[in-house]
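Engineer: Residue numbers (numbering that gives the first Met the number 0), protein chains in the order written: chain V, 0 to 163; chain L, 0 to 352.
Among these hints, one or two may not hold up.
As the list claims (entries may be wrong) - Stretches of chain L that chain V covers, calculated by requiring three or more beta carbons in the stretch to come under 8 Å of a beta carbon on chain V:
1. 95–104
2. 111–120
3. 125–132
These aren't lab readings, by the way, just hints derived from the structure by calculation. Glycine included, each C-beta is placed from N, C-alpha and C at the ideal position.
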Amino acid sequence: MIEVWMYFFGLLILVSGITLIFTENLIYAAFLLALCLLSIVGFYIIYNASFLAVIQILIYAGGILILIAFGIMLTKRSPEGKVIVGYHLLFFGFLVTLGMILLIYALVVSSTIGPREILQTTGQAREIGIRFLTQYILAFELIAFLLLVVLVGASYSGKKSQHA
Amino acid sequence: MHTFLFYLPFLLFFVLVAVYGERKIAAFIQSRFGPMDVGPKGIFQTLADLLKMMQKEDIVPKAADKPIFLLGPILVFTAIFAGFSMLPLNANVAGAAVESGVLLLMAVVSLDVLGILMAGWGSNNKFSLYGAVRAIAQIVSFEIPLGLSVLCVVMLGQSMDLQEITRQQGLYTIDPIFLFGLKGMDIEVTQMGGILSWNVVKSPLLLFSFFIFFIAGLAEANRAPFDLPESESELIGGYHTEYSGFRWGIFMLAEYGIMLLISFLAVILFFGGWNTPFINIGSFHWANWTMGNFWEVFWLLSKTLILVFVQMWVRWTYPRLRVDQLMTLSWKYLTPFGLILVFLCGLWKLMML
Chain V
0 MIEVWMYFFG
10 LLILVSGITL
20 IFTENLIYAA
30 FLLALCLLSI
40 VGFYIIYNAS
50 FLAVIQILIY
60 AGGILILIAF
70 GIMLTKRSPE
80 GKVIVGYHLL
90 FFGFLVTLGM
100 ILLIYALVVS
110 STIGPREILQ
120 TTGQAREIGI
130 RFLTQYILAF
140 ELIAFLLLVV
150 LVGASYSGKK
160 SQHA
Chain L
0 MHTFLFYLPF
10 LLFFVLVAVY
20 GERKIAAFIQ
30 SRFGPMDVGP
40 KGIFQTLADL
50 LKMMQKEDIV
60 PKAADKPIFL
70 LGPILVFTAI
80 FAGFSMLPLN
90 ANVAGAAVES
100 GVLLLMAVVS
110 LDVLGILMAG
120 WGSNNKFSLY
130 GAVRAIAQIV
140 SFEIPLGLSV
150 LCVVMLGQSM
160 DLQEITRQQG
170 LYTIDPIFLF
180 GLKGMDIEVT
190 QMGGILSWNV
200 VKSPLLLFSF
210 FIFFIAGLAE
220 ANRAPFDLPE
230 SESELIGGYH
240 TEYSGFRWGI
250 FMLAEYGIML
260 LISFLAVILF
270 FGGWNTPFIN
280 IGSFHWANWT
290 MGNFWEVFWL
300 LSKTLILVFV
310 QMWVRWTYPR
320 LRVDQLMTLS
330 WKYLTPFGLI
340 LVFLCGLWKL
350 MML
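Pulled out of the complex, with its shape left as it was, chain L reads as follows (with noise of 0.2 Å):
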C-alpha cells in the first residue's frame, strides 16, 4: 500500500526536482550556468517543461502500428513502477509479502524490455528499432552481471526478502555480528549497529560486488556512458523519437524511476537500506538515537539521493561507450569479476559461519 501512497508521489516529485537538479549539475561540471531564468535560480524551469509537454498533441505517425505503440510507454512505466512495491520504508513498513523480494523486482523489471520492444517497433521507423534493439541487447547482457552481484549479497544474507536483508545489517538482527564478519577475530559489533554491520563493511569484497551492481545498474537504466539506445548523435533518440506530449514524458518518469529504483536497492544490498550510519561508541548511544519510524526512512532516502546524485556525476564525466566495448564491458570483464566474486563470496561466508 506504501507503494503508491509514499513511493508513487515521492517519485513523481523526484523527478521533478531531479531533472532540475540532473542540469545544475552538468552544469557545474561543465562551468556553465544550467536553467536561470524560470524563478530564482531557474527553480521552476522543469515545472514550465512539464507545462509545455502536457499542452502537446499526442501524435502517432501514421505509418505506426497503433494499438504498440500506444501501450509501449505505458508498459515500461508499469513494468518498473511495480519493481517499487517490493521496496521496504522503515523497519515497520516492509516491501510486498514476496519472499523472494530481489529476484521479483530483477523479473519485474526486465520487463520494460518489452515495452520498449513495442515502443521501438511499433514506431516503424529505423532509428527507433535499432534505439530498440540496442537497448534489449544491453539490459538483457547486462542483467547477467547485476544478478551475480545480488547473488554474493543473497548468499551472505541467506535471504531473497529486501526487508530481511536490510534488518541483517543493523542493530535490529538476530544473529550476532562481528567485525568484518570474521568470527575467528571474535569482536562481536551486534550492539555497535551503525556502518559497521552493513553489508559492505560485514564482507569487504561485497565492495567489488557494488561496484558491479552500479555499472550493471547504469547500463539497466540505459544511462550514459551506456545510453547508446537513446543516443541522439547517432540516433535522434532511439526508441522514443517519434514520441510526443505526455507519452514522452512516461518514457521520462520511467527513466529517472529506474535510476531511483536501482539507487533503492543497492543502497539495501550494500549499505544498510534503512539503518543509520552511526555507530554506539561508549555511553554515546548514536545509532539508537538515531533509529525510529522517520529517522529511518531519512536514512533511506538520503543514502539513495547520494547514489542518484553519483550517477548522474557519472553521465557528465564519462563518455558514451561504442557498441562492442559495450559488449565486451558486460562480458568478457563484468560476468568474468562477477563469478569469480560469488566465489570468494562463498569462501567467506564459511569464514562468517
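Isolated chain V, as found in the complex (with noise of 0.2 Å):
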C-alpha cells in the first residue's frame, strides 16, 4: 500500500513540476506549485516525519507560495485576461540547474544521516527543539536575527515608499 502512494505522489510531483515550467499562465504555474510543494508532504508523511511534513505546509505552501501568488495577481494581465511567461536564459538556466543537482548530489551522497535515524515517529518536535537549543543554537539564533532584520527592513522600506 505504500508503495502505492509512493508512486502515487511521485508520480503528482513530477506531473506537476514539468507541467509547471512548460505552463504559459503565470497563475496555472503559482497553483501547480502548490500542488507540487503539498505532495512534497505525502512523501514526508509516508516517511513518517511528520513534524517535517507539518512544517512544509505551513511555510511553503502556507506562506511562502502566498507571497508569490499574491505577487502574480497585483501584475498586470494581458488584454486575454492572462499572465504570459517567455523563455529566455535557455543555456545559463541549464547550467544552473545542472549544478544544483550535483550540489543537491554530492550533499545526499555525503550525508551521514540514515533513512532509519528519521524513522521514529514520537518526540520528532521535541526532539527538534532540543537540538535547535543545544547543538545547533549558534545557527538557530544567526537565522532568528536575519529574520528579525529582514522584518525591520520590510517595514522600514513599506514606510519610506508611503511617503515618498
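Join the two chains into one complex using the hints; note that each chain is given alone, in its own frame.
Structural biologist: Have a look at this one:
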C-alpha cells in the first residue's frame, strides 16, 4: 500500500513540476507549485516525518506560495486576461539547474544520516526543539537574527515608499 | 474516522440550524422578527433556502478562468474540513494521530487562502479580486496573533497534541494540578477536576490569550466585524460575487465550518475540551458523575455552541472595521500583546514547576 502512495505522490510531483515549467499561464504555475509542494508533504508523511510535513505545509504552501501568488495577482494582465511567461536564457538556466542537481547529489551522498534514524514517530518536535537550543544554537540564533533584520528592513522600506 | 462519521453530518446539520439561528439572533438583537413564514416560527426557512439554492444553475462567467473558478470553493471547504480531523471527540476517541496536532490544524486551515485566491482571481472581476486580496492580507496577518495565543497554551501544557492538551485539563490528568497552577500555594485540586483544572483557571493569563485568539479567530473566519473581504456595501460579495447555486453554498458551508472549527479549538485549548465544568466537592462527586463517553461529547459540543453564539452576537453588535484599522489592530495591538503574553506565560510556567 505504501508503495502505491509513493508512486502516486511521486507521479504527482513529476507531473505538476513539469507542467509548472511548461505552462505559459503564470497563475496556473503558482497553483501547480502548490500542488507540487503539497505532494512532497505526502512523501514526508510516508516516511513518518510528520513534523517536517506540518512545517512544509505551514511555511512553503501556506507562507511562501501565498506571497508568490499575491505578487502575481497584483501584476497587470494581458488583454486576453492571462499573465503570459516566455523563455529566455535557456543556456544559463540549464547550467544553474545542472549545478543544483550536482550539489544536491553531493550533499545526499555525503550525508551521514541514514533513513532509519529519522523513522522514529514520536517526540520529533521535542527532539528538534532540544537540538535547536543546544547543538545548533548558534545557527538557530543567527537565522532568527537574520529574520528580525529582514522584518525591520521590510517595515522600513514599506514606510519610506508611503511618504515618497 | 469519526471525522466523517460524526463531524461531517454534524457540520451539515449545524449549518442548517446556525443559518436560521443567526438570523433569529440578529433579529432579536436588532428588535426585529427574523424569518417567520416557513413553518412554525420560520424554522424551515433554511431548508427552503437550501432547496432554492440547489435548483439554481451553476453559472460560470464567460471571461472566468474556468478550471480555477470551479476548483476554488472545493479547495476552501476541503482545507477547512481537513482541520476537523485533528479534533478529539471524547476521552476515548482522539483525532488524527499527529503529534503536532494544533500546528497541523492551523497549517491546513491556512491553505483555504489558496482557494480564496483561486475564486477571486478566477472570477476575472475587480470586486472579486479585491475581496480575495483583502481576505488573504487579513488571514495572513491575523495568523500571527492566533499562533502566538496558541503558543501560550502549548508552552504551559508542553504538548501540541489536542487530545493530550484536553486530558491535562480534567480528572484524567497524569500531573497533579494546583489551584491557579501555583505550586507554592500548595492547594491541590487534581481530584476536584471540573472548571478548576481548565487552562483558563489553571493559569489565568490564558484568559487574555483567549481574547486574542477569539479576535484573531473571527478575522480568520472572515466574520464581522472583520468581514471586509465580503463587505456587501463596497465589494458586492467579495470573492464569491460570481458564484451561484451549490458552489456558493460550499462557500457558505466553509464559512460556518471555520466558525465551528475556531470555537472547537478555543474550547479545547482554553476551556477544558470535553471535560465537565462541575467540581467534586466533599462527598458530592459532580465531576465524576458528569464524565463518560456521552457526557464528554455533550460538554464539548455545548461549550463550542456557546462560543458560536458569542461569535454571532459579536457580528450583530459591532460595525465593520476599515482596512487600515484592521491592519493596525493586528500588527500594532494584537501581535505585541501576544508576544508579551508569551513572555508572561513563560514566567507563569516557571511558577507552575
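Engineer: Taking the hints in turn, state whether each one holds.
Structural biologist: Here's how the hints hold up against the structure:
Using a Cβ-Cβ cut-off of 8 Å, 5 residues of the segment 95–104 of chain L lie near chain V, which meets the minimum of three, so the contact claim holds. With 6 residues bearing a CB less than 8 Å from a CB of chain V, the segment 111–120 of chain L meets the requirement of three and the coverage assertion stands. Check result for the segment 125–132 of chain L against chain V: holds, 3 residues qualifying (beta carbon to beta carbon below 8 Å, three or more required).
When held up to the earlier numbered hints, the structure conflicts with none and fits them all.
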